[in-house]
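Asks: Heads up: the sequence lines are chains A and B, in that order.
In terms of this note's numbering, the first sequence has 224 at position 224, counting the first letter as 1, and numbering is strictly consecutive.
Each position in the second sequence, counted from 1, maps to that position plus 718 in this note's numbering.
Just so you know, these hints were derived from the structure itself, not from any lab.
Careful: at least some of the hints might be erroneous.
Restraint ranges, calculated between C-beta atoms of paired labels, are given here [stated by the list, open to error]:
| # | chain 1 | residue 1 | chain 2 | residue 2 | range |
| --- | --- | --- | --- | --- | --- |
| 1 | A | ILE473 | B | ALA1188 | 38 to 46 Å |
| 2 | B | LEU1195 | A | LEU31 | 43 to 51 Å |
| 3 | A | GLY636 | B | ALA1188 | 39 to 47 Å |
| 4 | B | VAL733 | A | SER662 | 44 to 52 Å |
| 5 | B | PRO955 | A | LEU616 | 54 to 62 Å |
| 6 | A | LYS115 | B | MET892 | 55 to 63 Å |
| 7 | B | ALA1188 | A | HIS643 | 54 to 62 Å |
| 8 | A | GLY636 | B | ALA1177 | 44 to 52 Å |
| 9 | B | ARG1154 | A | MET48 | 36 to 44 Å |
If you want the footprint, here are the derived chain A segments under chain B, 3+ residues with CB under 8 Å [stated by the list, open to error]:
| # | region |
| --- | --- |
| 10 | 57 to 71 |
| 11 | 177 to 184 |
| 12 | 196 to 209 |
| 13 | 400 to 408 |
| 14 | 615 to 625 |
| 15 | 630 to 637 |
Chain B stretches covered by chain A per the calculated footprint, using a threshold of three residues with CB under 8 Å from any CB of chain A [to be verified]:
| # | region |
| --- | --- |
| 16 | 1011 to 1025 |
| 17 | 1103 to 1115 |
| 18 | 1127 to 1141 |
| 19 | 1160 to 1173 |
| 20 | 1191 to 1202 |
Just so you know, even glycine gets a beta-carbon here, dropped at the ideal spot from N, CA and C.
Residues per chain are reported as follows:
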Amino acid sequence: MTTELLIWLIPLPPALAFFLIVLFTNKSKALSHTIAVGAAFLSWLGSMVVFFRAVGEEHFTAFASSIPWLPTGDTWFRIGVSIDPLGAAVLFFVAWTVLMIFLYSVGYHNFGQPKGDHDRAGLPPHGATVTDEHGHKHTVLSVEPMYSRFFAFIGLFAFGMYTLVVSDNLLTMFVGWEIMGLCSYLLIGFWYGKPSARAAAIKAFMTTRIGDVFMLLGIAFLYKATGTLTFSEIFTEETLHVLANTPAFFGLSAAGAIAILLFIGTVGKSAQWPLHVWLPDAMEGPTPVSAMIHAATMVSAGVYAVLRMFPLLTADFTGHGLTTAMSVVAFIGAFTALFSATIAVAQNDIKRVLAYSTISQLGFMIAALGIGAYIAAAFHLITHAFFKALLFLGSGSVIHGMEHGVLHTGNHHVDPQDMFNMGGLRKKMPITFWTFLIGGFALSGFPILTAGFWSKDEILADAFAHGHWAVFITLAVAAFLTAFYTMRQITLTFLGEPRTKEAEHAHETPWTMTTPLVILAVFAIGYGWVGIPEHFPVLGGILPNWFHEFVGGTLLEHPEAVEFSWIPLGTSLLVALGGLGLGWLVYRNVKSPAEDRLQIPALKNKWYFDEAYDFLFVKPAYWFAETFTYKWMDKGVIDGILHFFGKAAAWIGDTLRNYIDSILINDWIADKLSHQWTIHPAARAVRRVQTGRIQQYMLASIGVLFVVGVLVYYFFMA
Amino acid sequence: MTFPILSIIVFIPMVAAVIMLLIPAERRNETRAVALAAATFDLLLSAWVYVQYLVNEMTGYQFIETYKWLPQLGISLKFGVDGMSAPLVMLTGIVMFTGVLISWGVDDKHHPAGIQDRPREFFAFLFILASGVFGVFASLDLFMLFFFYEIAVFPMYLLIAIWGWIKTREYAAMKLTLYLFIGSVISLVGALAMYFASGMNSFDMLLLEKANFSVNFQVAWFLPVFFGFAVLGGIWPFHNWSPDGHVAAPTAVSMFHAGVLMKLGAFAALRVGIMLLPEGAKYWSWLVMLFAGIAVVYGAFIAFQQTDMKYMIGFSSVSHMGLVMLGLSTLNKTGLTGAGVQMFSHGVMTALFFAVTGMIYDRSHTRQIPELGGMGKVMPFATIGFIIGGLVSMGMPGFSGFIAEFPIFMGVWYVNSLLAIVASISIVLTAAYIMRNIRDVFFRPMPEALEGHITDVTALDKIAIVTLCAFMIGIGLFPSIMVPMVQTGVENILRLLGGA
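Using the sequences and the hints, build the whole thing.
Replies: What follows is the structure in structure tokens.
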């Protein structure tokens, strides 16, 4: 099979799985997950083949093919697929994480467990009572009531992501983008019986949708300016040159303006400030969904979009001083990185900590792109996808274990996601612990061993080397906080002694859940080795910096490797180890939220962004819709004018009727004048003739005959 | 002479109406069967026209038929379709077919659904209306266009006033009828002005296109002609009859009303206003664009706060028809193509919305979103249908709404990028009200009051839903089945506009 055809086929199996499950197999749980996991496997297989063929080629540029789709006047808009080095690298991690998440979901949704006693579709399973051979009753985890539906939805989600990655143009990329937006709505609101899940689903969809609208406008602008949406046609030197030299608005060049508009789409999708509010709430969905959204697909898609648009963003960049567009991107990225790291420090829900850390890490990537560190951003995107998927799945495993404990004790008031209810889980759940530790260390950038170190260090080194001090310092502080809250999380969850009965009875999860953890842990360590800078002391040069060479080939000009300097490396080591150490020192003896001195209200309440948005946007929008538009304009002014005319017409009619028609015409002319004074007397007079005597009639008849005869004779015959 | 397919399409419903009136009133199923047979036949014929339309021959009108009617005054019965009207003829066939299906209902004393009160008269009036609609889309004679236009509008009054929602039907029927008649009278005056000014003693629009009216004449008469028709297209600020009408009308009539009648207004405004008075269109396009832009955002805002499902859909129609007008006002190829596709896409989508709303209302006796819930479980089929309609409404790629709306925004961006940005607010708002509606009506737990009273939709309802969804998805995935056809119509318009 040719590689091009294979690329076309990669997104299809999950989409097919979606339809098969929805239409045919939704009654059978086993069949449904077999189809879904099988489809994910096929896509994975295809992706691996494509990836290794790409790696195997010397001076690889792209595999591409396209077909005409939408006629636009004289030409056809072509859609197609293309895998360039960046696409191949992204495809690699997407395929792995998606497959792992699919497999994990089987265990997470308790396949093979009995049906719940009181489980209802739309609510998380509550557990089932079983009786063993000795007659003892146990409460065990029960299977998800909408098991098949879940696999259908994540299949569609995976289809969206694959479509986005293999697209060779902005339009189909946007299609994938929107499919994921829709799936995030469906999956975050998967347990639709919970009001919070319904609210979170809408919030996620709406917030990302605001970004999408700007992205759509950016696409329209780009199409108007260049007449094409295909990447390979946009990113030619001539086109970029023209765009860079066309002025648009706010002093931006057309390239900058389009890049900013498209970037706002990313701000929504990758949950950057100020559109970050949806992502923490998205934790309402099942945990595999969180991993899907926060690691493998949706948020990565946002960064991927900026990576794709990188030539546009930097079209008028001369190498000296950031352009306006780049400054905006760098600022938002760096600010988000620091700002959400501060919130993560004060969260107690195990998944919410990870949610804010995701926002923060995406901020790192965005900031890196803003300062032109293309390779570093791509590298961090991929390592992050691996270790964040690992962390989310790990947290899901923890929650699962805790739920086991909750069912055992029967105390349903214990929140299995609150880290203060955990502690000491390292002994109960060893595989989860070790893999989570690897993921957490990778996130913190634990030196040399973990992938997160290499990618984060590269961002810092790049910021330092090009003199972007503000970005460098902000990110360094954010990195320190990252290590700190990660260690806080690990300490509270796994170290020390169990703080609740439930934690004592926690249980390691089944193999379908732990296998993905182990595989992802391998990547969380190993993936760093493909991108060790050449000039790194001792290690540099042992393994070639494959990532730089390969992904750098995506750009027209191969980016320069950064000069080595001890300052960023030292900073990197200091913040990672310092943060981890401090986190352990502070939290090893903390037993309850009351002892935690970082539970500051402003941090706990996420700097009050939800409240502020409600006050600034949501309420005014409702007021505008309800009071202004509907009550005042539509019912008041427009209907008012209409009803005024109606009333005026009725009044005129009324007046005509009551004062003219009734009185003048009816009473006077019709009744009095004609009837009473004319017709009535006349009729009275004529009535006398109607005597009823036949003789009189005969007489009258003869008289009339005579008169007529005379008249006829006189006029006609004479 | 070729097979007179267009006149057959136009007159089948009228003949069927007469046949139905001859059937005794108590033979309800026979009446319905006649209605369904006629509707199916019409759908097939209109689909045939669509399929046989030759896209590659950029000749303008096809399937032309001419019959002399009043030669002294230059009036003839002249039919023909171009790339703009062929999809609309098929749309009418689709809405007619599905409208009959969902009106068939259930003859159950306890859970009646569909039309149970005098179905014979109902279908007869509905079919007369359908005849009028087909006639407008197919007419190439200005006088006949008006004739059919009035035939289409008048039965609406009876259908709403007799079979409508008892609380508002008289008010709504009167409001609608007055608005539309006043609008059409204003347009008629304009049309007569054209007739006399041309001095050709003919109402043939193909001749009038070549009349070369003076620029001053066109500028003076464009507004009355365009807006007179656009009232039926629901243009702001003359949109107000439409949501009230939707709410009061019975389901099938709402489907017709929003699905095809509003297109009638936009289509006639295009054909008579823009195509016969192109200079006037160029002069006034900014005003049309402004009003349409307001309608898009304004309708979305009001829909966003409605609690009655039908009012919500009604105002969303104002918003979406605003997009059609917006596309027309761009006067460029991209925008006009988008408008053409949007007419079809919105027609199918909104028919589906009203159909599902009607199914819910028949069973729950309420359309208040706060009083509804849990429909997802009892009527999964209708739920999926509504969600697909919602995705079309939101302009989700892969569905027909995107194929229509994206070019419109693009076309507007060419002319006035600021307005494109303002209008795009509606995309967010649409998503908001659709999502909220889906969440509340279908996925929230069912309120106690409804528990046990809701039954699944009938097999005929399902056929209707599938038919409508098929078009939305088909065009979304394979835009080439409609876009090139619409473009042949657009070419013709651009030629009249002087290649602008």
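Asks: Please check whether VAL733(B) and SER662(A) have a Cβ separation lying inside 44 to 52 Å.
Replies: holds (47 Å)
Asks: When I compare C-beta atoms, does the region 1160 to 1173 of chain B have three or more residues closer than 8 Å to chain A?
Replies: holds (count 3)
Asks: Taking 54 to 62 Å as the hint, is the beta-carbon distance of ALA1188(B) and HIS643(A) inside that range?
Replies: Because 43 Å falls outside the window, the suggested range is violated.
Asks: Holds or violated: the region 615 to 625 of chain A covered by chain B, criterion of 3 or more residues with Cβ-Cβ distance under 8 Å?
Replies: holds (count 4)
Asks: Counting residues of the region 196 to 209 of chain A that have a beta-carbon nearer than 8 Å to any beta-carbon of chain B, does the count reach 3?
Replies: holds (count 6)
Asks: Closer than 8 Å, Cβ to Cβ, for at least three residues: run that test on the region 1103 to 1115 of chain B against chain A and report holds or violated.
Replies: Check passed, 3 qualifying residues.
Asks: Honestly, do LEU1195(B) and LEU31(A) meet the 43 to 51 Å range at C-beta?
Replies: For LEU1195(B) and LEU31(A) the Cβ distance comes to about 27 Å; the hint is violated.
Asks: Do three or more residues from the region 1127 to 1141 of chain B put their C-beta atoms closer than 8 Å to C-beta atoms of chain A?
Replies: holds (count 7)
Asks: Per the coverage rule (Cβ-Cβ under 8 Å, at least three residues), is the region 1191 to 1202 of chain B covered by chain A?
Replies: holds (count 4)
Asks: Residue count check for the region 1011 to 1025 of chain B against chain A: does it reach three with CB-CB under 8 Å?
Replies: holds (count 6)
Asks: Holds or violated: the region 177 to 184 of chain A covered by chain B, criterion of 3 or more residues with Cβ-Cβ distance under 8 Å?
Replies: Per the Cβ count (3), the hint holds.
Asks: Given the hint of 38 to 46 Å, is the C-beta distance from ILE473(A) to ALA1188(B) inside that range or not?
Replies: Violated: the Cβ-Cβ distance is about 58 Å, outside 38 to 46 Å.
In summary, the structure is inconsistent with hints 1, 2, 5, 7, 13 from the numbered list given earlier, while agreeing with the others.
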